[in-house]
Structure formats: C-alpha cells, structure tokens
Amino acid sequence: MSHDVAPFLGMGDVLTPKPPEAPTLDPRAVDRRGAKRFRELELAIDGITASYDESFEINNLESSALPSRRAVVDAVRHLLPVIFMGFYTTRSLNRDNLRHSIAEHLYAAHEILTEQIDRALSYERRLGRTSSTSVVRGEDVALELFRSIPELRRVLETDVQAAYDGDPAAKSIEEVVFSYPSIFAITCYRIAHLLHSAGVPMIPRIMTEFAHGKTGIEISPGAVIGERFFIDHGTGVVIGETCVLGHSVKLYQGVTLGALSVPRRECNTQRHPTLKDGVTVYAGATILGGETVIGEDSIIGGNVWLIKSVPPGSKVTMKDK
Amino acid sequence: MSHDVAPFLGMGDVLTPKPPEAPTLDPRAVDRRGAKRFRELELAIDGITASYDESFEINNLESSALPSRRAVVDAVRHLLPVIFMGFYTTRSLNRDNLRHSIAEHLYAAHEILTEQIDRALSYERRLGRTSSTSVVRGEDVALELFRSIPELRRVLETDVQAAYDGDPAAKSIEEVVFSYPSIFAITCYRIAHLLHSAGVPMIPRIMTEFAHGKTGIEISPGAVIGERFFIDHGTGVVIGETCVLGHSVKLYQGVTLGALSVPRRECNTQRHPTLKDGVTVYAGATILGGETVIGEDSIIGGNVWLIKSVPPGSKVTMKDK
Amino acid sequence: MSHDVAPFLGMGDVLTPKPPEAPTLDPRAVDRRGAKRFRELELAIDGITASYDESFEINNLESSALPSRRAVVDAVRHLLPVIFMGFYTTRSLNRDNLRHSIAEHLYAAHEILTEQIDRALSYERRLGRTSSTSVVRGEDVALELFRSIPELRRVLETDVQAAYDGDPAAKSIEEVVFSYPSIFAITCYRIAHLLHSAGVPMIPRIMTEFAHGKTGIEISPGAVIGERFFIDHGTGVVIGETCVLGHSVKLYQGVTLGALSVPRRECNTQRHPTLKDGVTVYAGATILGGETVIGEDSIIGGNVWLIKSVPPGSKVTMKDK
Chain H
1 MSHDVAPFLG MGDVLTPKPP EAPTLDPRAV DRRGAKRFRE LELAIDGITA
51 SYDESFEINN LESSALPSRR AVVDAVRHLL PVIFMGFYTT RSLNRDNLRH
101 SIAEHLYAAH EILTEQIDRA LSYERRLGRT SSTSVVRGED VALELFRSIP
151 ELRRVLETDV QAAYDGDPAA KSIEEVVFSY PSIFAITCYR IAHLLHSAGV
201 PMIPRIMTEF AHGKTGIEIS PGAVIGERFF IDHGTGVVIG ETCVLGHSVK
251 LYQGVTLGAL SVPRRECNTQ RHPTLKDGVT VYAGATILGG ETVIGEDSII
301 GGNVWLIKSV PPGSKVTMKD K
Chain Z
1 MSHDVAPFLG MGDVLTPKPP EAPTLDPRAV DRRGAKRFRE LELAIDGITA
51 SYDESFEINN LESSALPSRR AVVDAVRHLL PVIFMGFYTT RSLNRDNLRH
101 SIAEHLYAAH EILTEQIDRA LSYERRLGRT SSTSVVRGED VALELFRSIP
151 ELRRVLETDV QAAYDGDPAA KSIEEVVFSY PSIFAITCYR IAHLLHSAGV
201 PMIPRIMTEF AHGKTGIEIS PGAVIGERFF IDHGTGVVIG ETCVLGHSVK
251 LYQGVTLGAL SVPRRECNTQ RHPTLKDGVT VYAGATILGG ETVIGEDSII
301 GGNVWLIKSV PPGSKVTMKD K
Chain P
1 MSHDVAPFLG MGDVLTPKPP EAPTLDPRAV DRRGAKRFRE LELAIDGITA
51 SYDESFEINN LESSALPSRR AVVDAVRHLL PVIFMGFYTT RSLNRDNLRH
101 SIAEHLYAAH EILTEQIDRA LSYERRLGRT SSTSVVRGED VALELFRSIP
151 ELRRVLETDV QAAYDGDPAA KSIEEVVFSY PSIFAITCYR IAHLLHSAGV
201 PMIPRIMTEF AHGKTGIEIS PGAVIGERFF IDHGTGVVIG ETCVLGHSVK
251 LYQGVTLGAL SVPRRECNTQ RHPTLKDGVT VYAGATILGG ETVIGEDSII
301 GGNVWLIKSV PPGSKVTMKD K
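Chains as they are written, first to last, in my numbering: chain H, 1 to 321; chain Z, 1 to 321; chain P, 1 to 321.
Keep in mind the hints are simulated off the structure, nothing from the lab. None of these values were measured; they are calculated from a predicted model. Check the hints yourself; a few may be wrong.
What the hints assert, rightly or not - Here are some chain Z residues pointing at chain H (derived, C-beta under 8 Å):
1. Val82
2. Arg99
3. Tyr107
4. Leu143
5. Gln161
6. Ala169
7. Ile173
8. Glu175
9. Pro181
10. Ala283
What the hints assert, rightly or not - Lysine-lysine pairs mimicking DSS-like chemistry, simulated, CA-CA at most 30 Å apart:
11. Lys315(H) x Lys276(H)
12. Lys308(Z) x Lys276(Z)
13. Lys36(P) x Lys315(H)
14. Lys276(P) x Lys315(P)
15. Lys308(H) x Lys315(Z)
16. Lys308(Z) x Lys308(P)
17. Lys315(H) x Lys308(P)
18. Lys308(P) x Lys308(H)
19. Lys171(H) x Lys308(P)
20. Lys171(Z) x Lys308(Z)
21. Lys308(Z) x Lys308(H)
22. Lys276(P) x Lys171(P)
23. Lys276(P) x Lys171(H)
24. Lys36(P) x Lys308(Z)
25. Lys276(H) x Lys171(Z)
26. Lys315(Z) x Lys171(P)
27. Lys171(P) x Lys276(Z)
28. Lys315(Z) x Lys315(H)
29. Lys276(Z) x Lys315(Z)
30. Lys36(Z) x Lys308(H)
31. Lys315(P) x Lys36(Z)
32. Lys171(H) x Lys276(H)
33. Lys276(H) x Lys308(H)
34. Lys276(P) x Lys308(P)
By construction, the Cβ of each residue, glycine as well, lies at the ideal position given by its N, Cα and C atoms.
Isolated chain H (complex conformation) (with noise of 0.2 Å):
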C-alpha cells in the first residue's frame, strides 16, 4: 500500500513510519486473551471504519487526488540551493559544476511542481470553483516561476542585506544566510507569493505553513512585501493575505499585521493593512484594518496597538495610548 505522508503543517518533514502488515492472528494458535484482544481490535477498527460513512467534510476520500504536502515541500528544498547555491555546496564551484548543479535541482523541482499544481487545479476545477474552461498547466507556471528565480535572487540579496545592516549582532553576511529564520521564512514567502500570483491554489499554502512551522513566522503568500525586508528574530510574527508592505520594511518578534473581523462576503477589500516604506514595527505590536495606513518612515514602538492610520515620519510608542 502507498501512504502519501504528512499533508499537515509540522508533519512535512515527518515520515509516517511504514506500517507493518496486519498481523495474522489464528485465533486457535494464541492464548485466550490474545484472541480477546483481537477480536476487540478488529471491533475497534470497525468503529473507525464506520464513521468515515457519515457527511463528514474530513471524511473526503476525494482527497488523494490533492496535492502531496510532502512534495511540494521536497520542491522547495530543492529550489533553496538553486537559489543560494553557494551555501549549501561542499565543494568548490566553478561555472560548470554550478550549472550543473542548478540543473539537477531545477529538473528535480520542475518534475515535482508540474505534477502538484496539476493536481491543486484539477482539484479545484472539479469541484466547480475555477472555471473548467481555463487551461493552464502545471508546467508552464513551473516553468514561469523558474524564469523568476534571477529577479527573485536580486530581491533576496536586498533582504540579506538588509538583514545585515539591520540587525547589530550580525557577525557576516555569511551567518546572516546561515541561521537567520527570516531569510528561510521570507524565501519560501517570495516562491509562495509567485505561485499564488498565477493563480496556483492550496500549494503557496503549504509552503509557507512549512516555513512557518519551521521559523515561527507566517507570512501568507497572498501578502505583497517590497525589498530589502528584514524580520529580526522573528517568532510569532503574523503577516495577512491582503498585506501590503513597501520597500525598507523591519519588523520585530511578536509583530502582527492583522485583520479586523470581516465578515466572509466582503473578502475581496483589504482587510490588512499597509505599511509604506521605511516603515519600522517593534516587538509584539499589533496593526489591524484594511483602512489602516503607516505613512513612510513611521516607527511603530513595542506592544503598541494600532487601528486607525498614521501619518509619514510618526513615532508611536504605548503612553501615546
């Protein structure tokens, strides 16, 4: 049997351990409290059995036609070192062993994406909610994401070294792309956000809840954030799908950039707010509303609460509250 493992956030990287065959227990050859406890395993078993027949959504046996998390994970392993080679060689490189050993990752990812946004469409399709009549191909958005990875490595050094200028217990640019969990975090954000922006569903998804699990940040694929972008520490910070962050944005731990309640009909206006460039945010703050507006260069102090806009070069710290 084939056991496709780990959809869940957290469980990507967690093997569901090959389960050994059934055991096949004559009941005549073991003692009578063994076949007791058969017979009340295999009841069990029933009892779970049966309740895949109610009208549960999770009872959904339509799903092995969804994506594989564990996958679309692998994917994204595989663009890491095509995107920061460098660091994850142990050899030395030259042009040709560097070709060589982006393309190996990008077949690899290439036949990987093809197959899964494939899936996330036709799933999506076949339920009614993208019209049947749209064709495009899993390998044509993989293929497009790829002929992004220049421009997206050009964003990516803004954000390591904004991450360096930034932050002063930054030793080298080198231990910036070794250990920070913001370049990790917003390197899968920035895969995500191309994928969702060619209408690709569930996947930018699970990349960036893999990251999140992994970093403690989630910032949703949805999210448009400009250059030189720089999360220090990082943990707990939240970012929305309909975010909007200018160039030379800092943000601290802690920091959400959140929505006020919404009612589900209105879901296609802003519901998270904008911060312009420049924009600094302190630990634990928290900034709501899609009408909610930091003008540039503002900075935002610690634990502040923020719900209404504020103007270019504002200083708000909590005994402004």
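On the provided structure of chain H, position chains Z and P as indicated by the hints.
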C-alpha cells in the same frame, strides 16, 4: 549498543546519529601529538563519567525503563492517518482498502502504546508515585483510546469546520486540514487528553510538547476543551493544565490562558481560567487565574491583561484598563 | 556530486533530497512539446546560472569552506546523550557501559567539532576578520569544551531542578528532562556559550538558532546566564547578545530582553539588559537597553514595557505605566 534517541521536546524527530566505534588508537602507532590528544580525550571522558557519580537528578540511570519519546511520537504518527485517512493516501479509497489502511496503522499504534504506557505506569509504581495495587494495563488503555476514535473524529470535524468558518483566509476545507497548525495541535491535544483522563503519566505531555515544537501552540493535556475549537495563527498560544474551555472558543496567536502564582501544595484546585461558550480572545491577550471566568460570547481584545472575571457578552479592550 | 545540506535555520534536519541525474533528453526522440519544454528549461537554467555572475553577497562561492550547519547540528546531537545519558539509553547502565557510551559519542563529536571549528576560524582569517597569527586549533577548543562538561552538567542539574520547583504542572523530574523545551534550549545555549567564549565564530549561532527552530526560544550565545535558569512555556522568548542574567532567573513565554536602537559602531558596549538574581519576568514583557538593570528579586508583570532600571524587590505591572 542501543540508544533510545531523543527524549527531548524538539528532539523527537532528531535522530542521534549512530556513533562510530570508539577508535582503537595504538598510542605507539601515531605521532606524539595524536597520542597526547588520545590521552586528553580519554581523561575528558573519565571526568564526564565521574560526574555521573554525583547525586544529580539528571544522573538517573533508572530511566532506561522510562517511556521512549521517539516511540510515543511514532504512535501519534500512526494515529493521524487513522483519523484523517483521506488526506494521507495517494490512491483512491473504497471501503475495503480504507479498512485495511486503518487496520495497519492501528495495529502498529497498539503495539507501541501498549509498551510505552506500561513503561510509564511501571515507572511511577516503582517510585511509589501511584498505588501498586492498580492493575491498569497498557493494552487496555490503548484499546479504550481506539474505541474513542469515532467520537474523537466527530469532534475534530467540528474543529475543522470552526476553522473554515472562522477564517476568511481559508479557501477550502481541504486547505484547513492540510496546512493549519491549529488542526495538528488540537488533534495531538485531544489524543493526549484521552490518555491523561485515563491516568497515563508522562506520555500525554510528550505528545503535546511534540505538537508544541511543531506549531508553537502549547496545550496542556489536562485542559478541558469543548467542540468547535479554533486557534488562528497560533504561535505563542499557551493553554494551562487546569483550563476549562467551552464550545466555539476562538483564540488568536500569542494568547496565554495561565495561572497566577500558586504554591505547589494547592495544586488540586483550578489554577487556570474558565472560558464559556462562544468566547473569542484576540492576539496577545493574557488571562490568568483559576477563579477567572470569561462569560459566554465575550470578546477579549488583543494584548488585554485580565485577572478577574467578566460577565457574559462582555467586550474588553486595552482602552478599558 | 555532493551537497552539503541545509545551512539554514530550521533546515538543519531537512535533507535536501538527492537530485536525480539531469535527464539526458534527446530532442529528436521526444515530441515537439517535450523538446520545447526541454529548451525552455535549459534557458531558465542559463538565466539562473548567469545571475550568479552579479556581485551579490549571496553569490559567494567561497562558502564551500564555511562550516556545515548540518555537521554542527550532528555534533550537538552527540553531546546531548553525553550530558543526559540516562534519558537516552534503552538498556540498564552500569559504570562500564556508561563510560563506553559516553566515549562513543564524544569521539564522534570531537571529530566533527575539530573540523567545523577549524573551518570557521580559517574562513574568518582568510577574510581578514581575525588576526592570522592566532593559532587556536579546532581540536584544542573541542577538547576544552569537553573538559567543561562535568561543570556544565552541574549547572544543567540546577536548571532542571529550577524547572521542577518553578512549575506546578511538573509531575516529575523525568518529565522535565523529557519534554520541557526550556531544558533543550538552555542546554544548546550553554554549549554554544562555551564555544562563543572561546572565540569560535558562526558555530555558536548555528547551535542556538537550531534550538530556536525547535522550541521558539531564542538565546544569543553571547548572553551570560547564571544557574537555576528556568523558562516556562518559552515560545517567543528572545535573549539578546549582551544580556547578563544572574542566578534563579525565571522567564515566561514571549519575554523579550532586547536592545534599544544602537548604531553599529557602538557595538562593544552592553546593549541588552541586566537581570539580577531571583528576577521573575512574566509573559509578554519587554525589557530593553544596555543600561537597564532589574534589581534582585524583582517581579516584572506580564506585557510590561520597561526601558529603565528598577531597584531590588520591585514589582512592576502594567497598571504602573
């Protein structure tokens, strides 16, 4: 030699690499510096070994009889496909192969949990922490857990529905089951809570701390939580051991439901708050104390600090403090 | 080809899957669309390879000489059983097999750390960041670390005891060692701090960010922390590079001990707070600044924002602001 790997939180899926055989260095055969280094390493090993003679709790060598964290985590990994089979399989499921898949994982989980629960119970008995006349057996506890799974699935269905209804960013139920950290954390908690209620020591905590490491959501297995429970984003949520939550409770990231300082001897009383049906608690709020009751349908705003009860229908925001 | 996997935070235990051989497609043998796709992929690869000619920091191809994050994490995984052997073994331990088990892991750790520390030191020397007349050798630093392990174990014993004493939910010492994220994070920090104090670059940060990814607790290896240190729950804690904490300090989740904004040139001064013996800081509090000193036995309440010193015995709550 055999090592049980990784009892630590966060180490559960971290394999301690199999150590190479200690090198058999013939001091005459290596250069002087190598011989010196060998002697120095051996001296360091002597020093560390000697430290195990101190009367430290961490020098406990009885603990080979303790449950294995890695095994407990494996058991959880077998139970997740039993609960959400449609989301783990890669092939079409019909009634027959569904039952077969469930059976394979359930037999594996039964074998693991039987042994680990017996270890936990024996250990506690040997140290006199529980009555030695108790004859609870691991296999009976495991079987009872499995009999509870249909009802557990019914409750988790309500949790999944609550997440979909409660989050405008959720595009589909499938996406919720796939990628929401809350579903993973709540599933682990509900399994752990059943074992906790059955009097199993240690193992429930291993399960919930495993989920904590994966999602940043920490739910004590002793907490009592109703149906339709949703945690949005989740990173930083802490739900204490004696919390009582009603139905349709909704929490955001960074919410703490904690205890005020309590001397250990008073530990049988409720130390954590009660949240009645329909309560919503926004990001970063902290509610403390065993006598604190949040009345039905109350809304506790973000970053609120609350150590006293509020009546039903309350709206508490930071401005009120 | 060989790839060093996963330098990133959070990627340490994520294996970059071994890429398949780049397919050797004979354009004549496949259909037109396949040939077109092959050409397009090859063009995309060309574009990505060309992006490595830009003068980006992330295009650093010298980094094959950098330490391997994965190897550093492996070294930590060998040291944990050395420190807590009773909790890692599955068999009874006596003095002989205890010593043998310790030796196996310690030889493995020595080999890894010798190489990785040498890489880190060479890299820094080559870039002129340290004096090339320094002749510190990796094997000597590793040996010195191992000589410190008995004392390290003594201190960790005090941390485990503090966790047990400080948490009413702790049912046993064993449970504390098993499942408390703080013990894992503090152990990694104390190892990293020893290497940091010995002047090892990069590697200490890799170790603490590894623990950060596992537990949500971020402790800079440069921080100085006394004995009996307990972090309850932990998610979101940030302890900055120049923090100085005394003995018996107790922190709750989401506490930030951080810096006020400091221009990089002033980086040799203390930028993070000092907490004297016996200080307790409740959930979500933020204490900032190198001149901020929290006096002995003070209690800082949850969600407090504090940027000035307080005398011994202070109690600071949100109401005071």
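To see whether the hints hold, each was checked on the structure:
no.	hint	result
1	Val82	holds, 6 Å
2	Arg99	holds, 4 Å
3	Tyr107	holds, 5 Å
4	Leu143	holds, 6 Å
5	Gln161	holds, 7 Å
6	Ala169	holds, 5 Å
7	Ile173	holds, 4 Å
8	Glu175	holds, 5 Å
9	Pro181	holds, 5 Å
10	Ala283	holds, 5 Å
11	Lys315(H) x Lys276(H)	holds, 14 Å
12	Lys308(Z) x Lys276(Z)	holds, 14 Å
13	Lys36(P) x Lys315(H)	violated, 55 Å
14	Lys276(P) x Lys315(P)	holds, 14 Å
15	Lys308(H) x Lys315(Z)	holds, 19 Å
16	Lys308(Z) x Lys308(P)	holds, 29 Å
17	Lys315(H) x Lys308(P)	holds, 19 Å
18	Lys308(P) x Lys308(H)	holds, 29 Å
19	Lys171(H) x Lys308(P)	holds, 28 Å
20	Lys171(Z) x Lys308(Z)	violated, 38 Å
21	Lys308(Z) x Lys308(H)	holds, 29 Å
22	Lys276(P) x Lys171(P)	holds, 29 Å
23	Lys276(P) x Lys171(H)	holds, 28 Å
24	Lys36(P) x Lys308(Z)	violated, 69 Å
25	Lys276(H) x Lys171(Z)	holds, 28 Å
26	Lys315(Z) x Lys171(P)	violated, 37 Å
27	Lys171(P) x Lys276(Z)	holds, 28 Å
28	Lys315(Z) x Lys315(H)	holds, 28 Å
29	Lys276(Z) x Lys315(Z)	holds, 14 Å
30	Lys36(Z) x Lys308(H)	violated, 69 Å
31	Lys315(P) x Lys36(Z)	violated, 55 Å
32	Lys171(H) x Lys276(H)	holds, 29 Å
33	Lys276(H) x Lys308(H)	holds, 14 Å
34	Lys276(P) x Lys308(P)	holds, 14 Å
This entry does not satisfy hints 13, 20, 24, 26, 30, 31, going by the numbered hints stated previously.
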